[in-house]
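The listed protein sequences derive, respectively, from chains S and E.
FYI, in the working numbering the residues of the first sequence are 42 to 333.
FYI, in the working numbering the residues of the second sequence are 2 to 648.
Since the hints were derived computationally from the structure, they do not count as laboratory data.
Be aware that one or more of the hints could be misleading.
What the hints assert, rightly or not - Residues from chain S shown here face chain E by an in silico Cβ test under 8 Å; the list is partial:
(1) T96
(2) T135
(3) Q209
(4) E218
(5) E226
(6) K239
(7) G266
(8) V270
(9) R299
(10) N303
(11) F306
To be verified - For the chain E half of the interface with chain S, some residues (derived, Cβ under 7 Å), not all of them:
(12) L149
(13) Q151
(14) P200
Yeah, the Cβ is synthetic: ideal placement off N, Cα and C, and Gly gets one too.
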Amino acid sequence: MNPMQKVLREPLLHFLLLGTAIFGGYNLLSRNSRDEPGKIIISEGQIAAMAEGFTRTWRRPPTREEIDGLINDGVQEEVYCREAMALGLDKDDTIIRRRLRQKLDFVTADVAALAEPTDDDLNAYLKTHADTFRVQRQFTFSQVYLNPERHGENLVKDTAELLARLRQAGDKANLSELGDSFLLEHSFQLLPSSEIVKQFGEKFAAKLSELSPGQWEGPIESGYGVHLVRISGRTEGRLPALAEVRDAVRRDWANTRRLESNEKFFAELLKRYVVIIERKKRTDETRVAVAK
Amino acid sequence: MKRKSILISTLFCAPAISTNRAPAEETATDIGTLDQETAAKVFPAKPPYSPYAGRNFPTRPFFGDTHTHTSFSLDAGAFGCRLGPKDAYRFAKGEEIMASSGQRVRLSRPLDFQVVSDHSDGFGFFPQLMSADPALLATPQGRKWYDLIQSGKGAQAAIDIVTSFGKGQLPKGWPLPGTPAYRSAWRDTIKAADEANEPGRFTAFIGYEWTSNAGGNNLHRNVVFRDNGAKASLIEPYTTQPPLGSPNPRDLWKWMVMCEEKTGAQILAISHNGNLSNGRMFPIVESFTNKKIDREYAESRMRWEPLYEATQIKGDGETHPFLSPNDEFANFERWDKGNLDLTVVKKPEMLEFEYVRSAYKNGLKMEAELGVNPYKFGMVGSTDAHTGLAGVEEDNFMGKTSSSEPSAERFSHPFVKTSLATIMGWEQTASGYAAVWAQENTRESIFDAMKRRETYATTGPRMAVRFFGGFDFDAVDANNRMPAKIGYAKGVPMGGDLTDAPKGKAPTFLVAALKDPIGANLDRYQIVKGWLDAKGQTQEKVYDVVVSGDRKPDAKGKIPDVGNTVDIANASWTNTIGAPELIAVWKDPDFDPSLRSFYYGRVIEIPTPRWTAYDAKYFGVTMPKEVPMTTTERAYTSPIWYTPAGK
């Protein structure tokens, strides 16, 4: 992508162009454009909009009297708004301020959603967020469980004995007879590491990846007790091709893009201001529950 | 052939077994002919060398939440929730996200599935209100709520919205099915679920909550779709406000019939919080007509409502000390002051129609009269979080609403307060999750397991719990290295049926529980039995089936307490007491084959710090004496019912 293309795809630019277009157009078309101080014009278009709004609410068109009522109300609203603004009543009003902020929020959120990513964008995103999309390492393994409550003081001795027996038997070990009864499976085919964490906990999963395949190993601990383990196969994790995970990458890309462009937009605007915060020095360093 | 019947029993809802009859039907197998005696030994033939071959039963439970609200729910939005369905799924999948209160939050490990279930009434109301929709703001109520929220009094607005909703006093401009605001909110919900759904890794169900709240009495149901957006988008959710909707569950069931016919989608409903229904959740006499429940009600309820959410943040609903005075664990996280909005206080005679155990008991009685048991449902737990955050671990409790996300003050804020009663913030229960024994982590497999009730409720911990019933379990089966295999071979799993007891035999149960891999040890596994006696009276009894350590019952039959290692000040405990795994076979010592009965499992953890203890430690606050600082987490399995032959 050449620099010019990059610039053209910049949401902030889109926003500024769009903003100019919207607000320029607004000024041209707005009822205020022909309004001078001391003069109020209610246009045909505005009257039609009032009637339409009425129809939506009441599910019938307004009568002649009702239209007159709406127009009179519109005039009063315009007069009051102008007078209120002249008095500065719109300043320091929480409702108005939040509403303005929200409107701007809406506009910028839409701007971020406008741009469609190219494959280059997505490939770059995939590379920089490899951990999120990585196909996990998978293990094919068998395990035999020893319940510490049942073995008590003999746990270490019993475990060593069982390990010796298992090593002798190798892959011929009859798992349906060895060790203690256990609610989870004894053999797993290509179990992804996140599943191992879910079923056996973090500690077990970490130990498992240190073991060398082929032989009965252990003991390794889990939240349940002690396990002897034989890994018979494992596939390494890998970074998938974009085609395999396109939808997921696109979703995350769009989400990241939205957050970034919001931040950037605010940062750009902030450049136009000098911010001075006149805070008294804090004496009480109590812990505040909510971060912001 | 036997193996086939096992497979069938796991595939269909409510499998009935009758082992005295089975051998006669199964003499010829594909590997030779069996005689009666050999067949009675249960394994009809030598199993394959590989003990794992030929299995098609669920091998691990999937944990999820069937009940998460987001900003699309009007009350959640009013309480400050800014997270939508997409965010809810991200959090459930284990991602770190920013909560509405501005804190970074994350689950200890991902959930396996989730239903985002926003209220169908006023779906999309909040986005509409926040964008200052003119029609809505033209009404005095709409204006008032908008102003309250804008001036930072969201909680007050939320209560007013919920109260107005309970009274059916809603402003014009309220979003109704068929309006653009409504349709777009439903479309967003569907889209978020379809995008988050990853078969094999994470299941995101399309769903919504039908929030019937007539008179402030909670009759809420969550509706769950088995299918994807292509079907769900052919319809819009059912609401409770007439004329488009109705607060009567019978009308919801009619809508569900219509929905399946119109869209071809399969759906089910899960009700919750009978404890806030003031005697209306499990009625014998319908509150809408004052008539006794009839066969049509019973059949419809059973067709559409295979499950009940027995535990959640607004209290636990298994049973109540008033109903179960002899149950030492009955007094757990009770919310029994009144109805949902505390406009009517609770009277003891209401309790019978609010809790699971008494519903199971009354169900037996009603089945004897109607021929159908309206309350033959299984159990799940779920959060009912209104934060978009399905987080109910005691040390990671995200609260009920965004205003009760972690803070130094949340325990001391009244949760609901009226002139009649107050429920304090500390009374919120960090509970629960739904556990489902499904073959695989997909919409289809999990939904089908829900339909056959192979589910259990947990109050938060992810313990694995098995519960099998049959007539031939033997003490040695508890020593088997593969309890599940023998469980499915000789019996039915949780949610199933037993009938036609062979002469001289009583039901036997193979029970097993494995602790949460990062959680606390287990204290005991109990079986709760209920039955309809010869005089037509309902009865109940709790049996301690297997306990950790060498504890023996005293003269009165009470097992000594497991002990307590909780250090409240440090919010910690040790697994030096209790057991990582409990397994046993139990035979009903008081069985009468002519009486209807049900059995369900209850697993109790050793005491651990309650979420309030973690709050007290982290925020350095002191809580009043009445605030409990320890808890005993637990799991409840769906029952297995016994019905006498010919009944």
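Against the structure, the hints:
Residue-level restraint check for T96 of chain S is violated (minimum Cβ-Cβ distance to chain E is 11 Å; threshold 8 Å). At a threshold of 8 Å, the smallest CB-CB gap from T135 of chain S to chain E is about 6 Å, leaving the interface hint in force. The criterion of a C-beta within 8 Å of any C-beta in chain E is not met by Q209 of chain S, whose closest approach is roughly 19 Å, and the hint is violated. With its C-beta approaching chain E no nearer than about 6 Å, E218 of chain S sits inside the 8 Å limit, and its interface hint holds.
Hint status for E226 of chain S: holds, given a least beta-carbon distance of 5 Å to chain E, under 8 Å. Taken as an interface hint, K239 of chain S checks out: its beta carbon lies about 6 Å from the nearest beta carbon of chain E, inside 8 Å. For G266 of chain S, the shortest C-beta to C-beta distance to chain E is roughly 5 Å, which falls under 8 Å, so the interface hint holds. At a threshold of 8 Å, the smallest CB-CB gap from V270 of chain S to chain E is about 15 Å, leaving the interface hint violated.
With its C-beta approaching chain E no nearer than about 11 Å, R299 of chain S sits outside the 8 Å limit, and its interface hint is violated. Nearest Cβ of chain E to the Cβ of N303 of chain S: about 12 Å, over the 8 Å cut. The hint is violated. The criterion of a C-beta within 8 Å of any C-beta in chain E is not met by F306 of chain S, whose closest approach is roughly 18 Å, and the hint is violated. Interface restraint check for L149 of chain E: the shortest CB-CB distance to chain S comes to about 11 Å, outside 7 Å, so the restraint is violated.
Taking 7 Å as the C-beta contact cut-off toward chain S, the hint placing Q151 of chain E at the interface holds, the least distance being around 4 Å. With a cut of 7 Å, the hint placing P200 of chain E at the interface with chain S is violated, because the nearest CB-to-CB distance is about 13 Å.
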